[in-house]
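We have chain A already, so just place chains B, C, D, E and F on it with the hints.
There are 6 protein chains.
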Amino acid sequence: MTITRPSGRAFDQLRAVSLEPNFAKYAEGSCLVRFGDTHVLCTASVDEKVPPFLRNSGKGWVTAEYGMLPRSTHTRTDREAAKGKQSGRTQEIQRLIGRSLRAVTDLKALGERQIKIDCDVLQADGGTRTAAITGSYVALHLALRKLVDTKLLTALPLTAEVAAISCGIYQGQAVLDLDYAEDSNAEADSNFVLTGRGGIVEVQGTAEADPFSEEQFLELMRLARKGVTQLVTLQRKAVMA
Amino acid sequence: MTITRPSGRAFDQLRAVSLEPNFAKYAEGSCLVRFGDTHVLCTASVDEKVPPFLRNSGKGWVTAEYGMLPRSTHTRTDREAAKGKQSGRTQEIQRLIGRSLRAVTDLKALGERQIKIDCDVLQADGGTRTAAITGSYVALHLALRKLVDTKLLTALPLTAEVAAISCGIYQGQAVLDLDYAEDSNAEADSNFVLTGRGGIVEVQGTAEADPFSEEQFLELMRLARKGVTQLVTLQRKAVMA
Amino acid sequence: MTITRPSGRAFDQLRAVSLEPNFAKYAEGSCLVRFGDTHVLCTASVDEKVPPFLRNSGKGWVTAEYGMLPRSTHTRTDREAAKGKQSGRTQEIQRLIGRSLRAVTDLKALGERQIKIDCDVLQADGGTRTAAITGSYVALHLALRKLVDTKLLTALPLTAEVAAISCGIYQGQAVLDLDYAEDSNAEADSNFVLTGRGGIVEVQGTAEADPFSEEQFLELMRLARKGVTQLVTLQRKAVMA
Amino acid sequence: MTITRPSGRAFDQLRAVSLEPNFAKYAEGSCLVRFGDTHVLCTASVDEKVPPFLRNSGKGWVTAEYGMLPRSTHTRTDREAAKGKQSGRTQEIQRLIGRSLRAVTDLKALGERQIKIDCDVLQADGGTRTAAITGSYVALHLALRKLVDTKLLTALPLTAEVAAISCGIYQGQAVLDLDYAEDSNAEADSNFVLTGRGGIVEVQGTAEADPFSEEQFLELMRLARKGVTQLVTLQRKAVMA
Amino acid sequence: MTITRPSGRAFDQLRAVSLEPNFAKYAEGSCLVRFGDTHVLCTASVDEKVPPFLRNSGKGWVTAEYGMLPRSTHTRTDREAAKGKQSGRTQEIQRLIGRSLRAVTDLKALGERQIKIDCDVLQADGGTRTAAITGSYVALHLALRKLVDTKLLTALPLTAEVAAISCGIYQGQAVLDLDYAEDSNAEADSNFVLTGRGGIVEVQGTAEADPFSEEQFLELMRLARKGVTQLVTLQRKAVMA
Amino acid sequence: MTITRPSGRAFDQLRAVSLEPNFAKYAEGSCLVRFGDTHVLCTASVDEKVPPFLRNSGKGWVTAEYGMLPRSTHTRTDREAAKGKQSGRTQEIQRLIGRSLRAVTDLKALGERQIKIDCDVLQADGGTRTAAITGSYVALHLALRKLVDTKLLTALPLTAEVAAISCGIYQGQAVLDLDYAEDSNAEADSNFVLTGRGGIVEVQGTAEADPFSEEQFLELMRLARKGVTQLVTLQRKAVMA
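From first to last, the protein sequence lines stand for chains A, B, C, D, E and F. Read in order, the letters of the first sequence correspond to residues 1 to 241 in UniProt numbering. Read in order, the letters of the second sequence correspond to residues 1 to 241 in UniProt numbering. Read in order, the letters of the third sequence correspond to residues 1 to 241 in UniProt numbering. Read in order, the letters of the fourth sequence correspond to residues 1 to 241 in UniProt numbering. Read in order, the letters of the fifth sequence correspond to residues 1 to 241 in UniProt numbering. Read in order, the letters of the sixth sequence correspond to residues 1 to 241 in UniProt numbering.
Please note that a few of the clues may not be correct.
Treat identical chains as interchangeable: a pair holds within one or across any two.
As the list claims (entries may be wrong) - With a Cα cut of at most 20 Å, we get these calculated DMTMM-like pairs of lysine to aspartate or glutamate:
hint	residue 1	residue 2
1	Lys146	Asp183
2	Lys83	Glu219
3	Lys226	Glu214
4	Lys25	Asp78
5	Lys59	Asp47
6	Lys83	Asp106
7	Lys226	Glu208
8	Lys108	Glu208
9	Lys226	Glu215
10	Lys108	Asp149
11	Lys49	Asp106
12	Lys146	Glu215
13	Lys83	Asp47
14	Lys237	Asp78
15	Lys85	Asp183
Don't read these hints as lab results, they were simulated from the structure.
For reference, chain A alone in the conformation it holds in the complex:
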């Protein structure tokens, strides 16, 4: 394969990733995640109340909200608070983040409390939802550890790490971790949410132009596994900090 990625990266190479834990002063848990020029601030807030459908169930909940600063993008995007509603894209992403984190949380062990995750994109260069999931896991972990430290929980109610990465087909080549230049020209675009143990939490693949084949899809999944393995290693370090 001889294509050149706009960034010069190898086809199976992540962008420079950093996970900066405890970035926010007030949140119970937080992480500033950077996938290259994509920067997302993830915070986890503990709320001792659960949503109505869980009252008296003995179970807790993890939910997420997502937003982009208006000028996180190359050209300014209208502020959702000013428009008076969240776009379909925003809702899709925040539902995905919530499902991904709940998949590795033992909601029964969490008890009747809610963790509210906020993912705010400070700068967007593609892959904001996968960065958000990866950083949110760290924020969630840190917030839960605070509950353990203060004896509100006896053990971390987490069953695995969870991280996410995008892959796509760019100029006929499967590549890992699309940036904006690739994303806006990719033939196919997919997001994989995987656990630290290799389980699939969520898979989303979309053909942008022509449909793609099963072989192509499996190649994307292989790249994703490779990328997530590296992300999970960084998460483990970040939560130690």
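Only chains B, C, D, E and F this time, still in chain A's reference frame:
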């Protein structure tokens, strides 16, 4: 495998599917699709104007809206028009339907006009989004043929059929075309949007409880291919009617 | 009188009317009503909670919501859920349906529960509100009978049938049951909601162009009585089914 | 008849009615209308633009908006601007006012301009919608005369006066011009919008408890004619002022 | 100084001010305030419930809402209830009114009840917010006195009068009580909310074109004190009435 | 004076202030401003279109939007985009920022283009609006300089620097630059927006408990001048960077 599905179907068996073309009197194209007790009315309306971002581009657009009648469900669901907004789920589904149809439409050949698809669920027993995509293809096809018949187009601007089906893991077994009883208890849930030629248009897989493995995922995809093949055969008949 | 109605009907002739009870699988009561090409799906849902203003009053409530599928109309109408609000026309109609049904319901005998009526127009060719009232009565009746059958009520809390029909002045002639072609050209338009015993529940008359006279109004009322008598006969059959 | 009305009025007696023209300093036409303790400020504003559906039609439009001050009522009513939407009742009333005024306006002669009527209830003691129609006619008339005075129109584009009054059945007796004490206890409630020449523009009758008979309805109409005759006399004086 | 104000007033002269107490029939307290052609109807409604954040605190609350009739202004302003939201300006003003009144109310002595102030501008010729504060004080005072008269309170929970006036720099000259003609051309605009004892409750000054100096600001404050002294005298008379 | 500020600062001492220019990669101008633990990201986006009221006026515009990340605060604040509207406080602040910047911008020299300022609070410890104004000036300056550098403007259309600071009365003492601990307990709170040349752009003072005196107010203004002088020095350095 010895599990029994609530409906008594074999693990790889679709529900009774019917596609009733030209169900709506006024729409340029329409289809009432039934997947067992899931009934969705799909209409295609031709609008000679395109959205602003395509003006003077020479290209057309296909978009979709989705709704459920309040008592299409087992217990009544609040009316979105009365609540004043569409839920995140609704927006996610209508975006998926739109993308799926655009993936098989030659937007350049369509010319500067828009096809608006409406999918309204009259009765819901699981799998409404996959039924909606399958029925919408028929409605779209019929509306486009009317444009050919009236010489507004010289040929059908469609590159393939597109149909969709859900699969999931129910009591440890991969099964095809989940109904509500299965869907609400499945360990994993996935939707496959595939073309008549076997290409992948969209894949979505979600672990409800524990993460699932790549092998399980591939088994789901195999079932989906089988189901879609049957759906496409029915679509071909329906558009002949 | 020698005018010819677009449909060829006599001036005092209803369109072909059918009332198909139990059309919806899940609703406690339902009816698909057809007045010619106007088709409305009416469902009645039992809710064991009353609105706040009736709590601890010992009285129940009947309320209604109304909507049109976007392509029920000759040209597509924007979806109210997507626009984020119900039009004034929609609200006017659903308030009328609710008042009409409450007029024949013994709310005290109903007890502290609420019946929610949903009227969704699948196809619209004029007269959707009168069809909706006529069909909703059947849905309401069936839902209430289910409460009697399950011993939650000892007797049907209904004091009479209620049905509705439109009349108008078309090309100078009073005619019964306007279809869209007539309605959009009528000089006057009126809706009568009457009980099976001939009582007036609601009367609405509007001059579209010039004001009309008392004599004309009385002629419209006479036609309406005739029409409602036929509708009530059909309702009685439908609830027997 | 031996019932006593709460106000001590005869059954066919209006409340003290006054029409104070030019109450508002800036509006092209205005009238403060008082039906007893019901006070409505009606203004007419000339807008040289028509709504989109009338552009290049050569025709004008008359439209109306209605609102109640929060403490116009016996107990405070929530402010619609604060709630973020107009109630169904408000929309119903403002649509009625608009239709009533258009029924006596020659929209072609008005030319491509719009008259916007605002009816704001300063104090509410029943019958606000009929007072609003009666006062709005005066405001409209004055605004149109200003267009004639400034030579923008050659003649008043009005075909008749229009006024409105409520009637109802209170303790079994048909009575004219219900105040709040009667309205909230009436067995039937109706609003008649009639022209100065006796034509019917709009009729609305609603049974509050039991259905009412045709005879009762005709008795209400007779009272309404009597009341409107008096109102039109007052309107003629007011527009002379 | 030789500038001539559009109204011919002296630089330190208020417009003709009147405070008409008990203007509204139903409100517990009310006042129609007129600052020249600016007319605002202020009502005070007693609500025996406090907002959630004060429940079981033993303290009461005073809050305010503000609105303008659409044709209170020289040209028609869109109705906020129809637009579905209150403008930033409206919210700013109603927050200011609420804060100003709370500053002179002993919320502990008021007890767990809420006074809701409504300020509705019937006619606007500049200075609506200062007129509203001045009139609202009278409405509040009267409503509270009713609570004393009915023994719900033992003493008026007010610590001082509060009144407000605008001042500005017009053609280089500091002037008192700007009307619309001045306000829309002023170089600087300020609002002072002062107590009857001379304390500052709220100060707002804005440079419209060039920044202004501290000396200019102090001159504005001197004028404001003079104006408020006169307003408080009128308030004292009004609450005696 | 013997009070001790929670932070240990002298009564006339600012928090540690930093202005980090060009913090955002994509915006034409940007600045991360820190007033102690209050961190606000300010961006300036150039839009070559002006709002409708300025079309063909030859004049430009500067406008601002403001938002807080949900967990910028000590306890989580609901996301405005999710609630579907901006609070009154948010609107008040963004109007203030816009006015302040326009006061030092030569809108005619700017030409028909708009600068959109976004102020997003990453961390909030009191004084977010004054930090936002101070940082926005830097972002605006940098964006305008880019227009000069690319020859779209011949000179910077700025007439002075503008910066803002809060002052208040805390435990009876006038203090400069309130942090959250002081702000939530202050007897009076004020914000001063001043130019680099000492002119007053905007003054807002609010008594939280008892009214304050003119002497106190002048003392607050004196402190503000001192603080703004330091801020302007920092701004001058930041725009050099």
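Okay, the hints, checked on the actual structure:
1. Lys146 / Asp183: For Lys146 and Asp183, the Cα distance exceeds 20 Å both inside one copy (37 Å) and across copies (29 Å).
2. Lys83 / Glu219: neither (40 Å within a copy, 41 Å between copies)
3. Lys226 / Glu214: Both ways: Lys226 and Glu214 sit 19 Å apart in one copy and 14 Å across, limit 20 Å.
4. Lys25 / Asp78: Classified as between: cross-chain Cα gap 18 Å, same-chain 28 Å, threshold 20 Å.
5. Lys59 / Asp47: within (13 Å within a copy, 27 Å between copies)
6. Lys83 / Asp106: Classified as neither: same-chain Cα gap 37 Å, cross-chain 29 Å, threshold 20 Å.
7. Lys226 / Glu208: Neither: 24 Å inside a chain and 24 Å across chains, both beyond 20 Å.
8. Lys108 / Glu208: between (40 Å within a copy, 15 Å between copies)
9. Lys226 / Glu215: Close inside one copy (17 Å) and across copies (17 Å); limit 20 Å.
10. Lys108 / Asp149: within (19 Å within a copy, 41 Å between copies)
11. Lys49 / Asp106: Result: close within a single copy only, 17 Å intra versus 34 Å inter.
12. Lys146 / Glu215: The answer is neither: 44 Å in one copy and 37 Å across copies each exceed 20 Å.
13. Lys83 / Asp47: between (28 Å within a copy, 18 Å between copies)
14. Lys237 / Asp78: neither (36 Å within a copy, 31 Å between copies)
15. Lys85 / Asp183: neither (25 Å within a copy, 30 Å between copies)
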